[in-house]
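Participant: Knowing the structure of chain F, use the given hints to seat chains H, V and E on it.
Here's the letter readout for the chains.
4 protein chains.
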Amino acid sequence: MTIRIGVIGTGMIGEEHSRRITQNLTGGEIVAVTDVNQDQARAVVERLGLAAKVYEDGQSLIQADDVDAVLVTSWGPTHEEYVLAAIAAGKYVFCEKPLATTAEGCRNIIDAEIEAGRRLVQVGFMRRYDSGYNLMKEAIDADRLGEPLMIHAAHRNPEVPERYVTPMAIHDTLIHELDTFRWLLDDDYKSAQVIFPRKTRHAHSKVEDPQIVLLETVKGVRIDVEVFVNCRYGYDIQCDVVGEEGIARLPEPQSLTFRQAGQLSCEILQDWKKRFNDAFDVELQGFIDGVAAGEVTGPSSWDGYAAAIAGDVCVRAQESGAIEAIEMPERPAFYA
Amino acid sequence: MTIRIGVIGTGMIGEEHSRRITQNLTGGEIVAVTDVNQDQARAVVERLGLAAKVYEDGQSLIQADDVDAVLVTSWGPTHEEYVLAAIAAGKYVFCEKPLATTAEGCRNIIDAEIEAGRRLVQVGFMRRYDSGYNLMKEAIDADRLGEPLMIHAAHRNPEVPERYVTPMAIHDTLIHELDTFRWLLDDDYKSAQVIFPRKTRHAHSKVEDPQIVLLETVKGVRIDVEVFVNCRYGYDIQCDVVGEEGIARLPEPQSLTFRQAGQLSCEILQDWKKRFNDAFDVELQGFIDGVAAGEVTGPSSWDGYAAAIAGDVCVRAQESGAIEAIEMPERPAFYA
Amino acid sequence: MTIRIGVIGTGMIGEEHSRRITQNLTGGEIVAVTDVNQDQARAVVERLGLAAKVYEDGQSLIQADDVDAVLVTSWGPTHEEYVLAAIAAGKYVFCEKPLATTAEGCRNIIDAEIEAGRRLVQVGFMRRYDSGYNLMKEAIDADRLGEPLMIHAAHRNPEVPERYVTPMAIHDTLIHELDTFRWLLDDDYKSAQVIFPRKTRHAHSKVEDPQIVLLETVKGVRIDVEVFVNCRYGYDIQCDVVGEEGIARLPEPQSLTFRQAGQLSCEILQDWKKRFNDAFDVELQGFIDGVAAGEVTGPSSWDGYAAAIAGDVCVRAQESGAIEAIEMPERPAFYA
Amino acid sequence: MTIRIGVIGTGMIGEEHSRRITQNLTGGEIVAVTDVNQDQARAVVERLGLAAKVYEDGQSLIQADDVDAVLVTSWGPTHEEYVLAAIAAGKYVFCEKPLATTAEGCRNIIDAEIEAGRRLVQVGFMRRYDSGYNLMKEAIDADRLGEPLMIHAAHRNPEVPERYVTPMAIHDTLIHELDTFRWLLDDDYKSAQVIFPRKTRHAHSKVEDPQIVLLETVKGVRIDVEVFVNCRYGYDIQCDVVGEEGIARLPEPQSLTFRQAGQLSCEILQDWKKRFNDAFDVELQGFIDGVAAGEVTGPSSWDGYAAAIAGDVCVRAQESGAIEAIEMPERPAFYA
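Protein sequence lines correspond, in order, to chains F, H, V and E. The UniProt record's numbering applies: residue 1 is where the first sequence begins, and numbers increase by one. The UniProt record's numbering applies: residue 1 is where the second sequence begins, and numbers increase by one. The UniProt record's numbering applies: residue 1 is where the third sequence begins, and numbers increase by one. The UniProt record's numbering applies: residue 1 is where the fourth sequence begins, and numbers increase by one.
Do not rely on the hints blindly, as some may be mistaken.
A pair holds if it fits inside one copy or across any two, identical chains being indistinguishable in the list.
Derived BS3-like pairs (lysine-lysine); straight-line CA-CA distance at most 27 Å [stated by the list, open to error]:
(1) K273 <-> K137
(2) K219 <-> K190
(3) K206 <-> K273
(4) K137 <-> K274
(5) K199 <-> K137
(6) K219 <-> K137
(7) K91 <-> K53
(8) K137 <-> K190
Hints listed in this document are in silico derivations from the structure and should not be mistaken for laboratory results. Values in this document were obtained by computation on a predicted structure and should not be read as measured data.
Just chain F, with the same shape it has in the complex (with noise of 0.2 Å):
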């Protein structure tokens, strides 16, 4: 059975999860897809030579018969209206990161959701599936570190564009850390406090750069992370769990080591595509097995919800500069 698949949104993710599951992928196929912009549309369908047609609209695209599953990587504002779109449909849906803008938008979704009695969604959270970050869980859980107590993180780019400001450096980027050490430890978040260290002179002027964010869990594990968006040397996705019997490093991506002109050195990446490309096959795989097996297991949509609570107070933070506390609601027994 080939899970028949629509699009909303063509852009960059949209064209790149399109050709995952065309060239890379199985059981997956693209019959539909749809883009405020038609010709970008069309333009991808050409490119890679997909035999799917084009849609005026989202809702067209969610209705449509041949359509099993929805993958939403559309612009973030109109996330919310899709994914509901897809679950009033009883369709299944891959929503990239933000499921919502905001945390109602996706309280939103979990209601549909509850209502529509099973899990329909799958939040494009691809770091679950990186081999890496799978190892750092199987140690965890395996108690190889003992009880974990601590997180030092780094999430670095080379350089943002200007459109990048502050509170992007959360719900942007920190997004990813806040979803990942949620599952990494089994655990939730208990208040927020973001520091400004001296800013970077590479920053643009709307930007805070560095900013470390310092998280704490229900259980008492303190986690800090150094957002530093203009970092100059490469992306760089650090993160050592400190537990009580020992310590864990994520690994480095896979680079020849040179000696040369005096250097012993290894390259670092410059692209996040390249960082994660087989974390988002190993995701996308699973929502299309998922969806074929009729039970999607991925980041559900409260994880989305978990991440935009914690991703809000941590702008409250960064405004405050307060020890700011995140308050979860209790995890209806659906999502447990």
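Facilitator: Relative to the frame of chain F, chains H, V and E by itself:
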């Protein structure tokens, strides 16, 4: 278009390749299997849920109308016969190493393929598809090291069974390096010498272990490969290419770095199948795509022949203790 | 000219320094020792084969005509008295940290030294003499990292005895980082905050462990130091300086890399004394050479005072949980 | 007791050793110097502020009543004469490598020393005092690797001057490995073979570069050493000892790890003098202490002789291309 594939030999590697094609790769389907042990063939069909017919023997499988391409994963001494039959039937054939157990057998295949007028054969040298070796190949081809002058390499297994005897260090182990280095350097071998260090107490009586194989290429590159198949500590593939301008080292497989119990440590792989797991995927996907495109571009019969010739000389060098010349016939334009 | 040195306090560190001066270093000779435990002082004289007189107390040792310089390695609460006496006697004095147990005590020493009109005091902050930290200092001073923005550090011990209580994480452990980072950055502290992660089960009841200390400097650099004194796995000092142009990490202590028993591993030091063994040599040689040259240039009373002030605020921050301001008095021209 | 030392040969190494003894080490004093260039000898006395008499020649320096021990750091061909004279005068002598330029010359020294009835000579093989090699020696002696089976080593220099010709790869470069591995393994050499890879374009016309030297020991250990003296990238000493139970690798020299400009990198040393800087200190301190104790325990005349014999065979192997036998005479009980 889905390539319909028949598998001859459903032992470990045959089953594993069938699983890959069915579960991981796109564009291919297992429609036919056979094995000297028919029960095992049937068991694999069942385990993997294949819609495949079980044939009585390789010849009838090769002749089957619905088989587009053949995978030869049977016992080594049977490879030549099946590859020749596939060529005779005008069918693409992927043959696990060795292409044939003798250089003469490889030559027969070459003659038949040239006679057939087009490349039908791909040999299972999966390292050419390993991401680490490909980084090395790119570095060499981009002249980042200057002219290569030396390769220092090691091929280590934790242990081997009692049936593994001295010449198998060449035919079953070094064979991969013999192909890989020809490809990495775009070069051919000129001489071989084998040195036997003090034998490890962990080796069985019929195998000299470790061994050091010294190879000289036509361009003058000198290669030393430590083959150590009872090294105890893990499956470990090392490769340093030393060039005029610097040195590059193959990456270690990805793993967490631990600080624990007085040690800063990473785990070393134990299972060779995991080391080249991704490479096997890329290799077989390449074969399927090649068949679909009507042009197989992976390691050729000529590459299988070249490895066989070099391997035979290495075994002679094991016996003589002398520096033995390797003479490659001129490469036919067909394989240019 | 040999500098004749008197040692006040012949406990572990006093004996060790006496041994260094006698066996490893040049230009100094131990001619006088004293300890509250006279038997122990005599035992050290005998063990090291010193030609040294055993004095009844520190004051008489300081007054002795043949003592050119004094080493204060006694119990912390006695440091202030002996340093003041040495200054009054016009003698050079090397004082192990802390210079005094209170900031006020340090201020008394500063006032006395200024009154004396020349620098006589060197404080035992040995990390300034560590080769790794010096490489870091050189990299920063040579502007190889751009302006420093953050420091991520860790100070980990395998375990501590029962008498080690929460404030000692500052006064006995963090004190080294407090001095080192002022020196590395050529900067002063502006605020401190202390965070208590979930406590390790390996800590005694009277110590919060681990702790994370957050420091802000006048220039805006943000520093986080994990202090984890029951980390189990070893004595481990980590320091990453993050600058506008890149990051530098302190070297790990030298050790063999093993491939053994499924692990790629290096040993981690267990004994803190070995970590800064060479630094102690350079430090004390520097003191002796400084005395001989009539100009002591190592960490000054002012540095001891600055560390004491910052340390006091960190302890206050342990208690309050709040971000506490650190106010340094203006630096006298004398210490410019 | 201060050992009064005379230095014969005040070139770079002679001056450097004089500086060490004067500034870094304890228990020794330079009281006499000489050089074929008297002006240079005087210049060194002045630069280092030595209270040393400048002698007209080595022989008169050796005879001087106030000279307790002699350092021979003159031109290689003069070593034998001065060492013999020191033995005849009953004085301890530290001789830089080579002990003599011929094996016969070494034998003469051995005969004289045996005749003298006690060990007076220490040869300047400083690697035995390197901390990294000592970690390796301890690992082997503690049986952490099981029986050693192979050593893979490299000795690389960034470049050499025009006067460096092919045999110097043995006599000036490999000589250190020849001594070090005998000591590490507590073994002797049995055969040698030299392989010439493709020559680097950066080598002068009179030197084959790189070379690979293959050594076999009496116990059957096989050693391969890459000697590459125009490797461009740095001064790099590599040594892997492969044993029955695992492998140990020599540490890289300490340096910062940078993340900068797309690279994760460490600096590689360029200057060989820095590589073994600490080892030179320990070596000479050991000599001084040995003289003071009346028992010199460092590398002996026999070790110098063994290295010379092996070196001569390696040069013969360079010329013949064959596997050449190394025959060591029986070791006199005197050197047991």
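Participant: Hint by hint, say whether it matches the structure.
Facilitator: Here is what the structure says about each hint:
{"no.": "1", "hint": "K273 <-> K137", "in the structure": "both (22 Å within a copy, 23 Å between copies)"}
{"no.": "2", "hint": "K219 <-> K190", "in the structure": "within (9 Å within a copy, 31 Å between copies)"}
{"no.": "3", "hint": "K206 <-> K273", "in the structure": "within (25 Å within a copy, 48 Å between copies)"}
{"no.": "4", "hint": "K137 <-> K274", "in the structure": "both (21 Å within a copy, 19 Å between copies)"}
{"no.": "5", "hint": "K199 <-> K137", "in the structure": "between (34 Å within a copy, 21 Å between copies)"}
{"no.": "6", "hint": "K219 <-> K137", "in the structure": "within (17 Å within a copy, 38 Å between copies)"}
{"no.": "7", "hint": "K91 <-> K53", "in the structure": "within (18 Å within a copy, 36 Å between copies)"}
{"no.": "8", "hint": "K137 <-> K190", "in the structure": "within (21 Å within a copy, 38 Å between copies)"}
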